[in-house]
Amino acid sequence: MGIFANATPYVGYVYPNETDVAWSQLIVIYPYITGLVAGAFVVSSLHHVFNIQRFATISRFALLTALCFMIFAPTPLLFHLGQPTRAFNAVITPHWTSAMAAFGYVAGFYLCLLILEIWFAFRADIVAMSKVRTGIMGKIYKALTLGSDDVSAASLALDHKIARILAMIGIPSACGLHGYVGFVFGSLKTREWWSSDLMPVIFLLSAVGSGVGLVIVLYVLVSKYRKEPISDDTMRGLLYVMFTGIAVVMVIEGLELLEMVYKAREGVETVMALIAGPIWVGMYIQWGLSFFALFVTSALLLFDVHGKRLVTWLFISGLSMMLGVLAMRWNVVIGGQELSKTMKGLLTFYPEMFGRESMLTVLIIFTCPFVVLWLATQLLPPWNTAAEHE
Amino acid sequence: MKPLISEETVTTLKTKAEPALTRRNFLGLLGKGVAMAGAVIGAGRAVSSESVGVHEVVGAKRAFQQNDEQYAESVRNPPKIPNYNWNDRQWAMGVDTDRCIGCLRCMEACKMENSVQMDANHYRTWVERYVYLEGSNNAIVDSQTDPKNIENVGGSETKFRFDNRYKNVKVDKAFFVPKLCNQCEHPSCVQVCPTGATFKAKDGPVLIDTTYCIGCQYCVQACPYGARSFNEARGTAEKCNWCYHRITKGLNPACVEVCPTGTRIFGDRSDPQSPVSLFIRNNHVQVLKPEMGNAPNVFYKGTDKEVV
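First to last, the protein sequences are chains A and B.
Going by the working numbering, the first residue of the first sequence is number 1, and it counts up by one from there.
Going by the working numbering, the first residue of the second sequence is number 1, and it counts up by one from there.
Chain B on its own, in the form it takes in the complex (with noise of 0.2 Å):
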């Protein structure tokens, strides 16, 4: 049997000041970044040769995602991340409501990186839809998962698409809202796990440990933003970590990273100069639901009354 901790890692991690956290909270996480590659490798091949869109299915697996064996593997075998230390970052989002276009690049972005079930009622991040119609004092709101949506793309829950519902109608004021986990200070989720398999990282996501988790659900009832899913297919829950197989080695999550009009800024709030740092130092910004407690990590500039 492979050791579970690297020698790599252990002297990554010697700082810290409980080893109990390495083992299976730090490192069963970090494995999807090993397999993906693989997994872009093989949906390339099969994007070139049969020239579908990324999102469309291509024989019993999805383009660019994971396949079983390639999860099994990453969790086997997580990759190493050298000359990375938790303590030393602060991770945290800006969501700038105002540039949000609606495009849903993001949450196509999220599916693929992330191998999240490609139906229209798993997702590690959304976008949310809010119309107030002339003289309305409250909006209208909806996601992708709204079946017109779903129908306006010929019933693919793989194409990410709001429909154009509106274009008949005098509207007020309209404006899309991105939503992801929040990785709050003080997570609802972590607190009602009854094994610990989800965790709360020393540099602020919340993660799972997916060989750990038993399937409860009840992080998924406590969340107060709807975050978590269950993966039925693995057994466990399921939620976003800001892509920590991407952060831990320098990159911006994969939402992030396609986003067209920069509405996600992601970085290091304990560097006064990066971005997200910048912007909400020189934004308003707000949480989501402060009322819960939760102490939310991601800021929205821009919001509105109507958001839920």
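The shape of chain A in the complex, shown without the other chains (with noise of 0.2 Å):
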């Protein structure tokens, strides 16, 4: 053990308990998984609710997307807690002047939504199922069917009407759920990096941009894996999404940077010396790809591309938008810690590698959703009936 075997690098003069950092990469991908989680909820309900018959093709698995990133959101937490074992205490007996509080209920009903859409969406395939299958999966598709096997046409359209006014509901949850984890973080006054009104706004928006960026790129290699071709028509849907997406958040990433040097309050040297330094890898990432991105699906809809190249195309924009928005919630969230609440310092924060709080941590949890997608996928398989439902 050297000096400082725990310690943060730090230049100026940081407060001594600041050396320590809190918050790590976990509490960068909690973040990020709600937001794909609420992306991924609204391309699901532009058909559902919208009745936008281009996303048709998808809507169902968006939801399972949803559903299996949202039952990985608090994993992140739980390893985070320096007290796991006491996490319901927040549930138990909330504190409401948190914003934290209000995780356990916001998340909560947020999945409990999730959960019943899903059954509504898919409630005649498990009944057909349930008759077609035999051994121990025609139990368990018995068991979902929750003893309701009526596939009547007016018993469909009940279906469809539930889930339509879930997914109602849903929009303004998901919006909730991750305005909230904006206001988290926007609502410290302590530090000047996130204490922004725009914050649950620009957590909102480029949620919505990395959401969609995974379904198409979900889209695109689960389409290639099963040899099925790509439906242009809803690409190019997808492509309105996330235009419409990446633009708007860029706009209001820009507006409250330029508010927190044009008011340049105390410290704003500061402020400038954070940009600069230790988190100038992740702006050039966040910023480069997010106009990368900007640049290609202005392209793609200003020369009206269709077929292999927008699947290309949209495909590597979308992958771009998730790995931007990575980016974005690490310099929200550690460059916030970065910068030193006396403002006339900085630290630098290097990820731990191997143990509770590391990186191999955030990879096994990440890891998680798309396994257990997978697997929804093989129980409730989302695509072929799809053409039922319209």
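Please note that the accuracy of each hint is not assured.
[To be verified] Pairs of lysine-lysine residues, derived as DSSO-like cross-links and limited to a Cα-Cα distance of at most 30 Å, are as follows:
1) LYS167/B - LYS249/B
2) LYS202/B - LYS249/B
3) LYS263/A - LYS170/B
4) LYS189/A - LYS224/A
5) LYS305/B - LYS167/B
6) LYS80/B - LYS189/A
7) LYS202/B - LYS173/B
8) LYS148/B - LYS159/B
9) LYS80/B - LYS167/B
10) LYS189/A - LYS289/B
11) LYS189/A - LYS301/B
12) LYS159/B - LYS263/A
13) LYS202/B - LYS170/B
14) LYS173/B - LYS159/B
15) LYS189/A - LYS161/A
16) LYS159/B - LYS170/B
17) LYS200/B - LYS80/B
18) LYS305/B - LYS148/B
19) LYS305/B - LYS189/A
20) LYS202/B - LYS189/A
21) LYS301/B - LYS249/B
[Unchecked claim] Facing chain B, a subset of chain A residues (Cβ under 8 Å, in silico):
22) ALA7
23) THR19
24) GLY82
25) ALA87
26) ALA90
27) THR93
28) ASP233
Simulated from the structure, these hints should not be mistaken for laboratory data.
Note that the Cβ used here is the ideal one computed from N, Cα and C, for glycine as well.
Can you join these two chains into the complex? Each is in its own frame, and there are hints to help.
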């Protein structure tokens, strides 16, 4: 153990307690994962609520994606807590002046809503499967029908209506869930880098961008794997959502930076040093990839690109958006702590590679939703019967 | 299982309006006092037998600090404080920065008294050194955590010294500023705590129920003064409580007790003749970062524009 084995290196003057960075990379992927949930949910709702037919192919897949990521949204928090076994204290005895006290309720409500909506969206398939499949899987599907095996036209119409109502409730809930995450950061007056009224909006919009990116990436990959054609109409629809998302979020993020620099409160030079210093790589990735995705989607719109080229380039911009937003989460969560509360110093956070709160944990947690999504699509195939639901 | 509230305490707290505050809020915190007595005896033995400095490591344990069993016992079985009513007191602290000589005995005493982690990244109190070099309009600031100060004492993070780095340069002005939790009237740490494990006591200090804290560290983020840290070993937040186990028995906080120059002044604001009431009345006092709206209860005399 050398001197400062656990300390974060710093320049200038920082409060001694700040040399132990409180929120690590786990708190970076927590808002990232909830963001992907919100984005995927928006895509599914475009079909379920607004009845936009071009999203019919992927709406149920997007819904499953949202659920699988939502299941793992609280895991980074549990790994981060000093006393994870007491996590439910915040639910049993919530201290309502804390934004964080609402998490259990908001997340729990949203999770229930997703499960309900999925059940109504898939009920006809579950009933069909329970009649066809035998053995243990037959029993599982039988149980999943919850005893409701009526698939008459009237019954299906009711399913459809309920799923639609749930999706309608889901839109403000998804926005609420993610706006809340932004509020957790934006409401802290202590940290100049977080303390912005625009923070919930930025979190929400970038969430939509990254979530749509995820749906695009997964749709392309899964279609290739299934050797199914990729719907041109769907890709065009995703392109519209993606373009809107990127354009709006970049403007608002730009405005936030501009306001901070323009107001130039005490310590603004340290803010500039933060951008040029500890988070410069992250800022380049965030803004570089955002601009790249904006240019690509603009070009795809401008030149009315279809077919294979659309798939390739939209896939690339979807991936860029996912990475760009991940970098943005890092810049916000870690960057905010690298800027000292003294406004006279900067810290440089180096993530741990192995251990409870490490990059390895992040990797494992982030792999889980994909694995569970694969299992979920085995249990509830979201593709083949999509046409029937229109 | 032992009852959470002892009979004596119920009597003491009967006058209180909100019984909800009595249980974990009030008592869980007081635990450290009893265990401390044991710790002092144990450490005293260690010192006499091995003639090491108080700040040296003795085996796996630190001299004068609570060990894990003692800590567990103090949480399980908190000491009783008869005849103390938190409605009768309004604790406050004054800091006369003109008097501070930067000897750092307050930091050392605090670490010993409260079993604070013995590294340079966890403090309940610390001292900042502000130095204006000749012709400069801005101060250079450092604290014991600065690597040069640690190297100066042979790499030990538990010998509390400032180095003498300014001996060959011309200095216009220099001074020390002791820092600690401000026990704010509107504490942001309490506002953001999702479980209510940290709370404002009626007599002033902001306390933590370490048996209820989930270790989310939102409070660490929310404190404008950097006064909170995270105890990795216990998985809970950590902060100055003005030695609550001492002040409720009529003693001064450890940092006040050891200060050789009278920089730190402690007392009861509801008593107009207490040292802190006199200090506030007789001096022009300031608080740190008033723009945060936290309304601190540590009052500074003689700070400077550069003080953060």
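The hints, checked one at a time:
Pair hint LYS167/B plus LYS249/B does not hold up; C-alpha atoms about 44 Å apart against a cutoff of 30 Å. Taking the CA atoms of LYS202/B and LYS249/B, the gap is about 16 Å. The hint holds against a cut of 30 Å. Restraint check: the Cα-Cα separation between LYS263/A and LYS170/B comes to about 36 Å, which exceeds 30 Å; the hinted pair is violated. Note on LYS189/A and LYS224/A: the hinted pairing is violated, with a Cα-Cα distance of about 48 Å set against a maximum of 30 Å.
A C-alpha spacing of about 24 Å is found between LYS305/B and LYS167/B, which places the hinted pair at or below 30 Å, so the restraint holds. With a CA separation close to 38 Å, the supplied pair LYS80/B and LYS189/A exceeds the 30 Å bound. The hinted pair formed by LYS202/B and LYS173/B fails the criterion: a straight-line CA distance of about 40 Å is larger than 30 Å. Restraint check for LYS148/B and LYS159/B: satisfied, since their Cα atoms lie roughly 13 Å apart, inside the 30 Å limit.
In summary, the hint linking LYS80/B to LYS167/B is not supported, as the alpha carbons are separated by about 51 Å, beyond the 30 Å threshold. With a CA separation close to 12 Å, the supplied pair LYS189/A and LYS289/B stays within the 30 Å bound. Between the alpha carbons of LYS189/A and LYS301/B the distance comes to roughly 26 Å, so the proposed pair stays at or under 30 Å and holds. Distance restraint check for LYS159/B and LYS263/A: the Cα-Cα separation of roughly 43 Å exceeds the 30 Å cut-off, and the hinted pair is therefore not satisfied.
Using a Cα cut-off of 30 Å, the hinted pair LYS202/B and LYS170/B is violated, with the two alpha carbons roughly 48 Å apart. Proposed proximity of LYS173/B and LYS159/B is supported: the alpha carbons are some 26 Å apart, at most 30 Å. Using a Cα cut-off of 30 Å, the hinted pair LYS189/A and LYS161/A is violated, with the two alpha carbons roughly 44 Å apart. For the given pair, LYS159/B sits about 27 Å from LYS170/B by alpha-carbon distance, which is consistent with the 30 Å threshold.
Between LYS200/B and LYS80/B, the direct Cα distance comes to roughly 20 Å. Compliance with the 30 Å bound is thereby established for this hinted pair. Between LYS305/B and LYS148/B the alpha-carbon distance is near 25 Å, which keeps this suggested pair within the 30 Å criterion. With a CA separation close to 21 Å, the supplied pair LYS305/B and LYS189/A stays within the 30 Å bound. With a C-alpha separation of about 25 Å, the suggested pairing of LYS202/B with LYS189/A holds against the 30 Å cut-off.
For the suggested pair LYS301/B and LYS249/B, the alpha carbons sit about 28 Å apart, so the restraint of at most 30 Å is met. Against a cut-off of 8 Å between C-beta atoms, the interface hint on ALA7/A holds, since the closest Cβ of chain B lies about 5 Å away. Nearest Cβ of chain B to the Cβ of THR19/A: about 5 Å, under the 8 Å cut. The hint holds. Below 8 Å, beta-carbon pairs count as interface contacts, and GLY82/A has one with chain B at about 2 Å; its hint therefore holds.
Checking ALA87/A against chain B: minimum C-beta separation of about 6 Å stays under 8 Å; hint holds. Among the interface hints, the one on ALA90/A holds; its C-beta lies about 4 Å from the nearest C-beta in chain B, closer than the 8 Å criterion. The restraint placing THR93/A at the interface with chain B holds, with a minimum CB-CB distance near 6 Å, inside the 8 Å limit. Hint status for ASP233/A: violated, given a least beta-carbon distance of 45 Å to chain B, over 8 Å.
Violated hints, listed in ascending order, are 1, 3, 4, 6, 7, 9, 12, 13, 15, 28; each of the other numbered hints is respected by the structure.
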